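Protein chains: 2
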Amino acid sequence: MTDPEPFEPRFDTAGLVAAIAQDSVTGRVLMLAWMDGEALAATRETGFAHFHSRSRGTLWKKGETSGNLLKIDNIQVDCDQDAVLLLVTPTGPACHTGATSCFYRKLGEKGLARVDSDEK
Amino acid sequence: MTDPEPFEPRFDTAGLVAAIAQDSVTGRVLMLAWMDGEALAATRETGFAHFHSRSRGTLWKKGETSGNLLKIDNIQVDCDQDAVLLLVTPTGPACHTGATSCFYRKLGEKGLARVDSDEK
Chain A
1220 MTDPEPFEPR FDTAGLVAAI AQDSVTGRVL MLAWMDGEAL AATRETGFAH
1270 FHSRSRGTLW KKGETSGNLL KIDNIQVDCD QDAVLLLVTP TGPACHTGAT
1320 SCFYRKLGEK GLARVDSDEK
Chain B
1220 MTDPEPFEPR FDTAGLVAAI AQDSVTGRVL MLAWMDGEAL AATRETGFAH
1270 FHSRSRGTLW KKGETSGNLL KIDNIQVDCD QDAVLLLVTP TGPACHTGAT
1320 SCFYRKLGEK GLARVDSDEK
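Protein chains in written order, with the numbering used here: chain A, 1220 to 1339; chain B, 1220 to 1339.
Treat the hints as calculated values from the structure; they're not laboratory data. There's no promise every hint is true.
Heads up, the list lumps identical chains together, so a pair's fine if it works in one copy or across two of them.
[Stated by the list, open to error] List of simulated lysine-lysine pairs, DSS-like, C-alpha gap at most 30 Å:
1. 1329 with 1280
2. 1280 with 1290
3. 1329 with 1290
4. 1290 with 1325
Since the model is a prediction, treat every value here as computed from it, not as a measurement.
Could you build the full structure based on these sequences and the hints that come with them?
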């Protein structure tokens, strides 16, 4: 066992790190959003994903309006600490379109087509 | 069947979209990097992940030096087209540290600890 390393998130010039949400059970990547220090702290304190809305410039509890929360099971941090991976249990569709994942379309030669609902 | 929707990536002010690489078989999220139009085009043309190096300001074929390429199986695009999800078959560890995934540490109360190698 080695001692834990310090968590020193490397925020970008806008004060943000990228945050990927992945379903703990299915492994499906649900969404990508952004966190500042406030969103990270709120996520760790409450156990539910909070992000920073770049358009509104405010803290955003994911699902506060829709009820589709993301319960945090585990937070992982990448090698250079400028991205985090949230392993989550979603209480509903993660996408505002009603899709399970925001990544509900795949890129083909002719454009974007819907992926099968059970496709990773 | 509906017609494909156009692929119109929404590049940020730096001309980039976020790109998540996920192992097609294990479902493990491997890394997060950035793509400009050139990296997207090179990825689609060659079938191997290319990114834009923000530090060097250049096109970067993932694994060109290390040999640890990411073969593209599928590219998915999120609802607002500012992030892409690459489903890939890696030819080796994705992280420059030698770890399978750049997300090899989890956040605990005391800091960062390594995750088990088989943990998503």
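Checklist entry - Which hints, by number, does the structure contradict? => result Hints that this structure does not satisfy do not exist here, as all of them hold.
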